[in-house]
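Residue numbers (our numbering), protein chains in the order written: chain R, -7 to 301; chain V, 163 to 591.
Don't read these hints as lab results, they were simulated from the structure. Ideal Cβ positions, reconstructed from N, Cα and C, are used throughout, including at glycine. Misleading hints may appear alongside valid ones.
[Claimed, not checked] Covered by chain V, according to a simulated footprint, are these stretches of chain R (three or more residues, beta-carbon under 8 Å): (1) 3 to 13; (2) 256 to 265.
[What the hints assert, rightly or not] Under the rule of at most 30 Å between Cα atoms (straight-line distance), these lysine-lysine pairs were calculated in the DSBU-like manner: (3) 258/R <-> 239/R; (4) 239/R <-> 546/V; (5) 286/R <-> 239/R; (6) 186/R <-> 573/V; (7) 249/V <-> 59/R; (8) 249/V <-> 546/V; (9) 249/V <-> 286/R.
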Amino acid sequence: MKQYTVSPSPHLRSGASTQLIMLHVIIATVPAMAASAIFFGWRALTLVAFCALTSMIWERLCRLIMKRPDSTDDLSALVTGILLAFNLPVTLPIWCAAIGTFAAIVITKQLFGGIGHNFANPAIVGRIVLMLSFTGRMTEWVIPNGLDAVSSATPLVTGTASYFDLFIGRCGGCLGETSAAALLAGGIYLVAVKVITPHAPLAFIGTVYALSAITGRDPIYQILSGGLMLGAIFMATDYVTTPITKKGRVIFGIGCGIITCVIRFKCNAPEGVSYSILLMNIVTPYIDMFTRKKAFGGRYRRDKKEAAQ
Amino acid sequence: MRLNGIRLSHRKNTENCATVEAACPERVVISMSQHIGAPAEPTVKAGDEVRVGTVIGNADTNMTCPIHSSVSGRVTGLGSLLLPNGKTCKTVEIEADGLQTPDEGLSPPVITDKASLAAAVRASGCCGMGGAGFPTHVKLAFDEKKTHIDTLIINAAECEPYITSDHREMMENSDGMINGMKLIREVLGIERVCIGIEENKPAAIKLFRQKLSHEKGFEVLKLRSSYPQGAEKVIAYNATGRVIGEGRLTSDYGIIVLNASTVGMINSYAETGMPFVARRVTIDGDAVGKPCNIRAPIGTPVIDLLNAAETDTENMKRLIAGGPMMGISLYDPTLPLLKTTNAFLAFLHEAEEAKPSPCIRCGRCIEACPLGLMPREFEHAYDKQDRERLNRLKINLCMNCGSCTYVCPAKRPLAEKNQLAKGFAMSPR
């Protein structure tokens, strides 16, 4: 009699895949990409494409040299490339961008073991490396002004943009961070397709809003300007480097908010979002440790003591 | 608090298929290990004449119940069989004479109190018919002086895709089920009887609401269609709000949970004295030409049932006993029907070979686990062979519902790892 190959249960699987999740994130970045093209011109799209491409090349090469199976098909390198490009000023030379993607993909991600093993968000590290290495070039903002781009400080420093300009993104800054509207659209998409939960972004933005209001600053201005929206929606929701439980994600968001405000209000740096996320990435394992879920009906040592009393 | 659950497509293709009686098989192989607990020992030998309902296996231990012949005929031999769960058990092989003559000694039991009810349930050979197969009389063997059972839950959630055998029991044997509930309720002095039915079976909900509209103390509970709604701890919580603690039985919390078909079985034994010798199974899957519900003697070879349902056995590549989430895949289509099998699913394709990629910490397994466990952490701890951590994370509570594997985007075999980890954590050092 014919015999069959057996397999362990469950015999059904959902259609979810890492690749599909990354594809959803890429789709969610499209509105912000479009906004950057509108306000900063075609060079913005070129830079995004260049970063995405070099990220894939670094990933491929790195896996090849490390004699590991290729992992570009999960599209995570593409996401990293796009998000790093969003953190760059449109005028940045492409060789600088290539260094950024190298720091992100090779140093932060692959050398720590590839997807799932990096302790910090690759795009954030890429940005910080560029920021510290090429501070001048990285802070050469342009203000979208018809056809001519004019150099200027970001609205976070000048404090003179209107809410409407900040919301749609008609202001100086990194190419993907200026349009709050486009980033929010992407964020709503990600929540709708259940790729992210809104816990970390809401906690992050809420904390910045509250602390700004408490310290007498304009809270709406604070949440609309700088890299907050980009950081909160796309960086503070990265699975690998943020806490795994919802409770942990709220703590993560609040921590990011506090550090961002401290840097913005008290330090000499123009922006604190990327540093705040990096610092919270580092404490993520500890947040995970303290926010473990309790099993339904599970009896723990403390419960036993109570039961004995 | 709402317990986690996942949404599955229901695929209840056979919900309107009235049960058909299977033709009497020529030969049955009856396993002496029909349910969890201790296996029985054969009490017959080759050459013995048996009738339908004759005891052919029994054991003195508490966690077992007698096994009866499901056909009339002659015992051809005692053998052994590798069950799909990996255990080897003794078997009794019987050649049927096709007459299905009942044993003359069968008579309805006299049930007056808890002890006689438990004894009758044990004598009927009844075990949980929903899949897990806990011997039913053990559920009734609580200490009356210490515990008072106030709630009887009839588990008719049937949350796994494809399976409709409990649904058909409700549609076809509603009066028998209600009589069974009344019997248990009266004997044990239970205040509340709660029939938990998933909302994807509106016909059954309507039928029971109608039939029980004038009865006091009966309640039909419409449950959300989410997997695993029919898990004992889950349905007990959703029906009563009581959290069944680690290592405790539902009876410690005043609850007895019985499967819908089980209560029907108890009633038919109480009325006719005919023990558990046949059951309804759903036959479905894409290899099955005519998906159906079929009532067959225990020990019937699966292949007979598949042929009755016009299955393409030539091209069939995968055969599962039970539902697609918790069922066991069978290595051989000649294996016999067990008391706990509620469905056979036959598919034209082999299980797709999932290539696991690294965990991306998305947390979906944690959001899916009905018992609030952390499958990802289990995997880590098991890979490091960290027994302490596995115990701290409560690996013992995992019931292998498979939700974590189902939702994992990295296609990691989490449920499989959980079982390995459970065995490892519970094994002596």
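Structure-based check of all given hints:
1. Given as covered by chain V, the stretch 3 to 13 of chain R passes the check, having 9 residues with a CB less than 8 Å from a CB of that chain where 3 are the minimum.
2. A count of 0 residues in the stretch 256 to 265 of chain R with a Cβ less than 8 Å from any Cβ of chain V is obtained; the coverage claim is therefore unmet, three being the minimum.
3. The suggested pairing of residue 258/R with residue 239/R holds, with an alpha-carbon distance near 28 Å, which does not exceed 30 Å.
4. This hinted pair checks out: residue 239/R and residue 546/V have alpha carbons roughly 26 Å apart, not beyond 30 Å.
5. For the suggested pair residue 286/R and residue 239/R, the alpha carbons sit about 12 Å apart, so the restraint of at most 30 Å is met.
6. As the CA atoms of residue 186/R and residue 573/V are separated by approximately 18 Å, the hinted pair is consistent with the 30 Å bound.
7. Straight-line distance between C-alpha atoms of residue 249/V and residue 59/R comes to about 42 Å, which puts the hinted pair past the 30 Å bound.
8. Of the supplied pair hints, the one linking residue 249/V and residue 546/V holds, its CA atoms being roughly 28 Å apart against a limit of 30 Å.
9. Note on residue 249/V and residue 286/R: the hinted pairing is violated, with a Cα-Cα distance of about 33 Å set against a maximum of 30 Å.
Consistency with the previously given hints fails for numbers 2, 7, 9, ordered from lowest to highest.
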